[in-house]
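Asker: Protein chains in written order, with the numbering used here: chain E, 1 to 163; chain Z, 1 to 345.
It is possible that part of the hints are untrue.
[Stated by the list, open to error] The list that follows gives simulated cross-link-like pairs (lysine-lysine, DSSO-like), each with its CA atoms no further than 27 Å apart:
| id | chain 1 | residue 1 | chain 2 | residue 2 |
| --- | --- | --- | --- | --- |
| 1 | E | K150 | Z | K116 |
| 2 | E | K152 | Z | K8 |
| 3 | Z | K6 | E | K80 |
| 4 | E | K71 | Z | K258 |
| 5 | Z | K143 | Z | K116 |
| 6 | Z | K8 | E | K83 |
[Said to hold, decoys possible] Some chain Z residues close to chain E (C-beta under 7 Å, calculated; not the full set):
| id | residue |
| --- | --- |
| 7 | I248 |
| 8 | I249 |
| 9 | S252 |
| 10 | G262 |
| 11 | K309 |
| 12 | S312 |
| 13 | Y345 |
Don't read these hints as lab results, they were simulated from the structure. These numbers come from a predicted model, not from an experiment. Built from N, CA and C at the ideal position, the CB exists for glycine as well.
Given next are the chains, with one letter for each unit.
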Amino acid sequence: MAFSNEIAEYKNIIISNICDNYELIRLIDEKYVDNTTQAPVNSYELIHKKIFPYYYNPSAITEAISFIIIKIDTPKVESKLIKDMSITITVVSNQDIMEVDYGTGTRIDQMGVCIDKLFNGRDDLGFGYLELASNYESSLDTVHRCREMKFKVNEFNDIRSSL
Amino acid sequence: MNGFEKMKLRTSISGNSIRNEKILDSRYALSQDNENDPSYCNTFFRWIAGEESHVGEQIHPRIYGRKASSDRIEQKIQTLYEEITNIGDLFFDEKDGSYWICTEIFNMNEISWNGKLIKCNYTLTFQNSTGTILSYPCITSDKTFSEDENTIITLGANKKSVLLPFDDNTKLLEVGNRMYVDKRDNPTPYQIIGDIDTTTYNYGDKGLIYFIMQQDTSNHPNDRPDLGICGYIEPNSSNTGNTVNVNIICSSSSFNNKIKLGVTYNFIASITDVDGNPVASVDPEFSMDTNYSGLLVLTDNNNGTCNIKVNSSASSLVSKQVVLTCIENVSGQSASTTLTIAALY
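Let the hints inform the model, and build the full structure from the sequences given.
Answerer: Shown next as structure tokens:
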């Protein structure tokens, strides 16, 4: 891919994988999973509601929810052929619902585990393997706690190198 | 996929042989320069004829070699290799509202499709056995149809030749069927006579159907010139005499007729009688008017439900439409719904 077409393509892949992951969707909103079959149900309806392909400003949220925000950057262009891609997936939760009555860890800890399992080491984004570069726990505002996970991978820069 | 696998993929994508590489390079060169040529036409669409005829996907052809003769207008077409074209395909030119039938097509060394289109001069309207009204742009003339101008014969008085695409609807036309082939407010009905030719132009996946019609001067009380239908029958009055209502429902309650890339949608056939009660002993079957060269997959679960999924990488299909149809085979009743392909986010 080139000409930044990969940004939309990466987000498509990331969002598709998130929507198809039962454990992650269960942590975001239990109404969108079937616990009997352990499968997501109509989870794509969470896109732009609790799965955002951009850095959503949580100040407008009035209810206690958890959500995921995604951003993709090109922090460095190595050469005409190669550029660095940085994928930042931030799992966010209102502090009032951080406690989860199953699994180990807080809600954002468990969501972070799901994200790590889904994306760390996969090789269908860019070329080479997607690497987890950092994983920080932080806050977005006074009530929203988050875990910001950055992944990095190389991508083609020049169209003559595109597949 | 590791680095070696990616290298093999890259090699196969660029062509496993010199011939393949030249073919792929030629396709690429054509696609890059296609829209820069003055002959490029950006108003050409496939036409989906039959029930609820509508515009299909846009194609990106070059149009050239326009010619007019005493009984036809034709033009040559070149399309990109991905835009597969068959003899019998119908097209709509949005620029002037004209319809065209493909009567010749050649696969030019796997680089492009080159062929010939003939302009349709009439839209034939008729009903199938269940009363569904079907319409097909066609070529009609007072002469026989032939590519060789030396073998064209002028038909006798009160006769017309009709050339149509061959498909599941037109193949059911029979000798004796009556249709209007006249633009006037009080049109003249014609009747199919002689042999219906389905083999002379039987090329590719579709082909053409050809027959001769003769003026029918007899009175028929069910003729409806206002609808353009001879021998009109009320829809839903099928041969079985059973009247059922068919509806297509999506299992997602918030469905808005948009199908997103990469998402599987489940549809259910709701088949009820006139009182709204479910009907037993039904045999629903789902189909689509196009699958966009396999990028759109319909799986009929054979239990009154089906799944539809658009390939997650098929971003070129965003905003395109597809018609999902459910036919209940016992009663012959059917329902259709138009779905629009949308991006995932």
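Asker: Confirm or reject each hint.
Answerer: These are the hints, each one checked on the structure:
{"no.": "1", "hint": "E:K150 <-> Z:K116", "in the structure": "violated, 55 Å"}
{"no.": "2", "hint": "E:K152 <-> Z:K8", "in the structure": "holds, 24 Å"}
{"no.": "3", "hint": "Z:K6 <-> E:K80", "in the structure": "holds, 20 Å"}
{"no.": "4", "hint": "E:K71 <-> Z:K258", "in the structure": "holds, 25 Å"}
{"no.": "5", "hint": "Z:K143 <-> Z:K116", "in the structure": "holds, 19 Å"}
{"no.": "6", "hint": "Z:K8 <-> E:K83", "in the structure": "holds, 22 Å"}
{"no.": "7", "hint": "I248", "in the structure": "violated, 18 Å"}
{"no.": "8", "hint": "I249", "in the structure": "violated, 14 Å"}
{"no.": "9", "hint": "S252", "in the structure": "holds, 5 Å"}
{"no.": "10", "hint": "G262", "in the structure": "holds, 5 Å"}
{"no.": "11", "hint": "K309", "in the structure": "violated, 11 Å"}
{"no.": "12", "hint": "S312", "in the structure": "holds, 6 Å"}
{"no.": "13", "hint": "Y345", "in the structure": "holds, 5 Å"}
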